[in-house]
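Counting in UniProt numbering, the sequence shown runs from 1 upward without gaps.
The set of hints was computed from the structure by calculation and includes no laboratory data. Do not rely on the hints blindly, as some may be mistaken.
The calculated DSSO-like cross-link candidates involving lysine-lysine, where the alpha carbons are at most 30 Å apart (straight line), are [stated by the list, open to error]:
id, residue 1, residue 2
1, K36, K109
2, K4, K43
3, K43, K53
4, K105, K56
5, K4, K19
6, K53, K97
7, K72, K53
8, K19, K56
9, K4, K56
10, K42, K4
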Amino acid sequence: MSNKQAYIEAGMWPETGVKVSADVYYIYGGTPPEGKVLSADKKGNPVWTDVPKPTKEELIQAAEYERQRLLKLADATMLDWRTELMLGEISDANRVKLSAWMTYKNEVKSADVTTDPEHVNWPAPPEA
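Make the full structure from the sequences, and use the hints.
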């Protein structure tokens, strides 16, 4: 099966297209330069254009992913201390650390990711 046939069967062969030379394919067929994405000019020829800026919704989603990452880190850090607390075996030093990390976790939860999602004011984690 030809490459064209495989693309047609996958529903990915374009209705309109522009034939390009091997030289043009060599330039645009590989990995784009940093910060660029493959696009087409008005005539359908390949060109590198700037990577589009993320939408506000995409930035908010990225900030939410970061929030979840920070919360998981906090939970992993506090796991042993929580167990020690439940067993009544936590030291005073670890109780202070647990309290500091709980405060941190609450600050992460309350961080505003919608007003300016590119510049979220994440709290600094306490010492482990």
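Cross-check of the supplied hints:
For the given pair, K36 sits about 35 Å from K109 by alpha-carbon distance, which is inconsistent with the 30 Å threshold. This hinted pair checks out: K4 and K43 have alpha carbons roughly 21 Å apart, not beyond 30 Å. Note on K43 and K53: the hinted pairing holds, with a Cα-Cα distance of about 24 Å set against a maximum of 30 Å. Under the criterion of a C-alpha separation no larger than 30 Å, the hint pairing K105 with K56 is consistent with the structure, at around 25 Å.
Between K4 and K19 the CA atoms are separated by roughly 13 Å; this keeps the pair inside 30 Å, and the hint holds. The hinted pair formed by K53 and K97 fails the criterion: a straight-line CA distance of about 40 Å is larger than 30 Å. For the hint linking K72 to K53, the alpha-carbon distance of about 28 Å falls within 30 Å, and the restraint holds. Simply put, K19 and K56 have alpha-carbon atoms about 37 Å apart, too far for the 30 Å limit, and the pair is violated.
For the proposed pair K4 and K56, the alpha carbon gap of about 38 Å is over 30 Å, so the pair is violated. Our distance criterion of 30 Å between C-alpha atoms is met by K42 and K4, whose separation comes to about 24 Å.
Hints 1, 6, 8 and 9 from the earlier list are contradicted by this structure; the remaining hints agree with it.
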